[in-house]
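Trainee: Here the protein sequences line up with chains A and B, keeping their order.
My numbering numbers the first residue of the first sequence as 27 and each following residue consecutively.
My numbering numbers the first residue of the second sequence as 23 and each following residue consecutively.
These are calculated hints, taken from the structure and not from any lab test.
Where hints are given, some of them may not hold.
[Stated by the list, open to error] The calculated lysine-lysine pairs, modelled on BS3-like cross-linking and capped at a C-alpha distance of 27 angstroms, are:
{"hint": "1", "chain 1": "A", "residue 1": "Lys31", "chain 2": "B", "residue 2": "Lys467"}
{"hint": "2", "chain 1": "A", "residue 1": "Lys57", "chain 2": "B", "residue 2": "Lys385"}
{"hint": "3", "chain 1": "A", "residue 1": "Lys66", "chain 2": "A", "residue 2": "Lys106"}
{"hint": "4", "chain 1": "B", "residue 1": "Lys403", "chain 2": "A", "residue 2": "Lys178"}
{"hint": "5", "chain 1": "B", "residue 1": "Lys322", "chain 2": "B", "residue 2": "Lys338"}
{"hint": "6", "chain 1": "A", "residue 1": "Lys31", "chain 2": "A", "residue 2": "Lys178"}
{"hint": "7", "chain 1": "B", "residue 1": "Lys338", "chain 2": "A", "residue 2": "Lys66"}
{"hint": "8", "chain 1": "A", "residue 1": "Lys87", "chain 2": "A", "residue 2": "Lys106"}
{"hint": "9", "chain 1": "B", "residue 1": "Lys338", "chain 2": "B", "residue 2": "Lys323"}
{"hint": "10", "chain 1": "A", "residue 1": "Lys87", "chain 2": "A", "residue 2": "Lys66"}
{"hint": "11", "chain 1": "A", "residue 1": "Lys57", "chain 2": "A", "residue 2": "Lys87"}
{"hint": "12", "chain 1": "A", "residue 1": "Lys66", "chain 2": "B", "residue 2": "Lys385"}
{"hint": "13", "chain 1": "A", "residue 1": "Lys31", "chain 2": "B", "residue 2": "Lys403"}
{"hint": "14", "chain 1": "B", "residue 1": "Lys467", "chain 2": "A", "residue 2": "Lys178"}
{"hint": "15", "chain 1": "A", "residue 1": "Lys57", "chain 2": "A", "residue 2": "Lys106"}
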Amino acid sequence: MNRPKIFWSTFAAAAIILIITGIIWRQADIKRMADENYLKTGQLIRRDYFENPEEAVAEIKNTVVDGHMHLIDRIRSDSKTIAYVGSSRSSWLLSGFLHKITVVGVHDLNTDGHSTRGNLIAVYAQSISSRAVAFGAIAFLSIMTLAAAFVKRENIPHLFSEPNQPCQRSRRSK
Amino acid sequence: MMVPESKKSRHAGWPRMNLPLVIFVIAIVVRAVFLLAMLFFHEGSSPEVMFPDTTKYIDAADFLFGRNETGEYQLLLVGPGYPVFLGLLMTIFGQSYSIVLMIQIVLSAATAACLAAVARLLYNNRLLAFLTGLIAALSLTSISLAAALLSDTLLLFLFVFSVYLCFRGIQEDRRTLLTVAGLLGGLSILVRSVALFLPPLVIIFAFLAPASWRSPSRRTFINSVLVAAIMILIPLVWAGRNVARHDIFTVAETGPGAARLFLAGKVLHTARERPPHEYRAFRDSLYAATVPNIESGRYKKLHDETRAFIFSTIQKYPGLFLRTYLATVLGNATAISALHNIQLPHLANLFDRFDRNFNPGHKNPLILLLTLIGSVLLIRKNARPTLMLLGIIICFAAASGVTFGQGSRIYFPAQTAWPIMVAASFIFFYDLGGLILRSLTILAKRPAR
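Okay, chain B solo, but in the shape it has when bound (with noise of 0.2 angstroms):
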């Protein structure tokens, strides 16, 4: 069984110390002191209605729990895993949400620790681990979504366990954790439906497993078999029950939705060279023409009808359609957080103030350049393990492709990922800063001829 590095080795000029722990103590001051701020200082409305998709999340949670009859299509559209989750904690704990953005603090602080735990496992060095864990800790993306009734912060810490057992389970060859991590991967499926593509990522990941890491490699194979049909079966229960009830093989209709207003809509409106300002307005229609069969219960139709708009979108305009799928992703790639300024909109000036001067328009390629230039450099130190996390990178960066208009909350759970090869960056940055600095000083202390 390989461990992944002596408890006794440490690296020079980072003493021992519980780094898991260390992260979550930072994530979770910095989530409280934001909660808090939130919570106090607040002037408009509460938790509950900041943001369109809790209604949803809520009405969903009410019906699945029996707390009212209207929630049945919010139920289909967004899957039952957050539904389920908050249901849960309001039939223990009373209508507190604050209990709720608490339980999601120290899920969204775990989270961050368990990024640090997934970049030493793979990379066995922890001055990355630490970064991890810190960007993953500070950022405010992940922060004013952990202070949000929404579902990605559940899906992320779901995300990251599955992703951080399949790989130690794989690498000490244990089908204890690979159950686990089948088990959670599936309830991420179920609080998301983006999260689909784990299942197939687990198979790719037992072919790039590092040599050091490998079991007898038949083995590893079955074994990440095992787990990609564990986490399908989860999800699979729940479509079977929407084909029962609506004849719709599904597990949550959010994805299609959004394709047809936003992505097939924007394409639409673009084909027609309508001025951009009256996008919304356009939107607003094609929402519209889908009110009479959501309120009439017809949920199949709309179905049939989303898909159609869709395919017939791709056919009419393909090319269009491929360069606004592109354009979108990477504008979500490069959004930058905007929750906050809702949460916190006694400090909006100061928050806009900064936008203007560093990310004109809500965007920022900064974190994406990072992200590329670490890569590579991790590419560099163990291939391996860094085409996993590109996997999974381009895996969310590639759903987030059918919708946009919410900041970086559709391009959040590459998160994942990203944080470890950002990390990369600075370190690469602190050498070649200190490189260049001592061949400066070489050059200035060389005697002239």
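Next up, chain A with everything else stripped away, as it sits in the complex (with noise of 0.2 angstroms):
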């Protein structure tokens, strides 16, 4: 195999690879916020009573969640646990932070419109730093080292070029 071919075969390699591994890391991290445990890492933002949770938890949902995160997920762990894992921005790459509010309350949180009593409930809230800026880090550096590896001298001439000698584009590429 000629040069190019290996450089154009190793860079859709990697490029094919960086893709999977993109869709795995981003998986991972979302659990990894999912997993946080609110009682260990969580702030208290708000206890109240409610007469209405159905309405309660629904209010938290656009005021909480839906003003500070972008949603991605909601996880209902048990019947007194809801849980709402979002991103900082809209897309999980482009997110410097992963979110979890987690809203517990002391009874059952029937959210089915057909709530009958009033409910203590309380709102966690939990932040870590995504590793999607590291992925795309290492997405970037992994494509861009490849290329400073690869890419032939005579095609960075600013670089390679003699200073007594004017810069000289490669004969392939005129």
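Using the hints, put the two chains back together into the complex; each one sits in its own frame.
Mentor: This is the structure:
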């Protein structure tokens, strides 16, 4: 195989590997946020008694969740707990942080329109640094390092040409 | 004797000009505008109370020059370099900090110019040298530190000039240059003890010197050992003074103190699985435990306790300690400047909007990435000097791992080397863009079959 073929094959392989890694990385990142224990690292941001828990949960979702993060997932771990996981921006890849809002009731949090009794509800907020930046950085670094290592010297004339010679393009690229 | 580049030579498209002078002028104009904006529009406090560390330096300077009796611990903490600089200027010009800041912007601009000279000396490429100087001249960290009463600008000035003279001394086999390099390197250690790794690096430089530079290798090695010896002897005098006065063999106690409060503190806090927002209170409690020793002047006891605290944390949580240390190094290497938010509060909204969009959490890995890409390119161009520069970056990155929370200030001394690599990346992107455009043009012009 000649040099351009090796270069483009390596480049394509790297791109495919990075896309697959990115999908796996995103899922792992969201799971990492979802698994954070709100009792250990969460900050209590609200605690109130609500006559109508159904409306309360909807209001919390509108104000706290939708107002502060881009919702990715809603997790119902048990009948008394609802967790909302989201990112700081609409795209995970551009997000610096992941957020989780956990709504915990003393009684069941009925959100199916059949709530019958009042409930004491606490809301916990958690944030972690997203690993999207790290992924983006590794992806950019991999692609550019490959290019920096493989592009011919004569195609980088401003860096590799000798000081006494004018910058010359490679014969092939003219 | 090797001459780095013929005076008559010129790179196509780059007319002959005094590169360091051009960079110096650009750098000084930018810094002067920043300083004026800070002094005229600052609605809050004056320069001496803008940053907590400034108070330490002023107290240490006053103690050293007999103006107070309370700065003994601060002097032990920060070392004598910057307090002497501050004290001398205040003795000459009175209590005017603006003069100190003006001198600092000259030193900072001279550093940018010297960096351009280092790039040209190592790689013999005018465009690379110009971009290196320009990056250093326009570095926001460098600009804001030049307008702050902090030791960083003086440290980088002494360090960069020492490295430059060291390279030239080895290249031209001139002992005078090497002696001056040794003196400046020794002084840089007195300014900040983080520069202590320079002496061993100088000996490594002798082995890595390109073949075209080398005077007889034995002579180069002897020269580098002499330079390293000068660099060590100067701070050794101060360490001797600390032994006599406090029974502590140290140049400055900042490093271990920071390692106790920040690194070891963070490890313990993480090990106890406490919420991240409680870390500050935990760190303050660690500091409060040291106050009785500081106030009663039991510095030796504090020194021993600090080391024992760090080592016991390492022994108890070795894996967590290493992980926290590496995360701190990475955090510092990707931290972006934050000092300008304090210096120019009337532009805080603008900076904040920019940071929220481009630097989430005041972190951005772009410079680190460009440094790594640039290092690959420069290794292809000339491996030995690139390894020297990487050595400097790695040492400063490693030293930065003991503390965090000060933005890009901690990793700032690595600016001795990274602008050269970032400049190489910029040139590469420019040429790569041209290559892609040319390839696309050729493809577009190819007749369809």
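Trainee: Against each hint, give a clear statement of whether it holds in the structure.
Mentor: So, going through the hints one by one against the coordinates:
1. A:Lys31 with B:Lys467: 22 angstroms, holds
2. A:Lys57 with B:Lys385: It holds: about 23 angstroms lies between the C-alpha atoms, which stays within 27 angstroms.
3. A:Lys66 with A:Lys106: 18 angstroms, holds
4. B:Lys403 with A:Lys178: 12 angstroms, holds
5. B:Lys322 with B:Lys338: 24 angstroms, holds
6. A:Lys31 with A:Lys178: Between Lys31 (chain A) and Lys178 (chain A) the Cα gap is close to 14 angstroms, so the pair holds against 27 angstroms.
7. B:Lys338 with A:Lys66: Roughly 22 angstroms between the alpha carbons, so the hint for Lys338 (chain B) and Lys66 (chain A) holds.
8. A:Lys87 with A:Lys106: Measuring from Cα to Cα gives roughly 15 angstroms; hence the hint holds.
9. B:Lys338 with B:Lys323: 22 angstroms, holds
10. A:Lys87 with A:Lys66: 22 angstroms, holds
11. A:Lys57 with A:Lys87: 20 angstroms, holds
12. A:Lys66 with B:Lys385: 26 angstroms, holds
13. A:Lys31 with B:Lys403: 24 angstroms, holds
14. B:Lys467 with A:Lys178: 23 angstroms, holds
15. A:Lys57 with A:Lys106: With Cα atoms ~20 angstroms apart, Lys57 (chain A) and Lys106 (chain A) stay inside 27 angstroms; holds.
Violation of the numbered hints given earlier is absent; every hint is satisfied by the structure.
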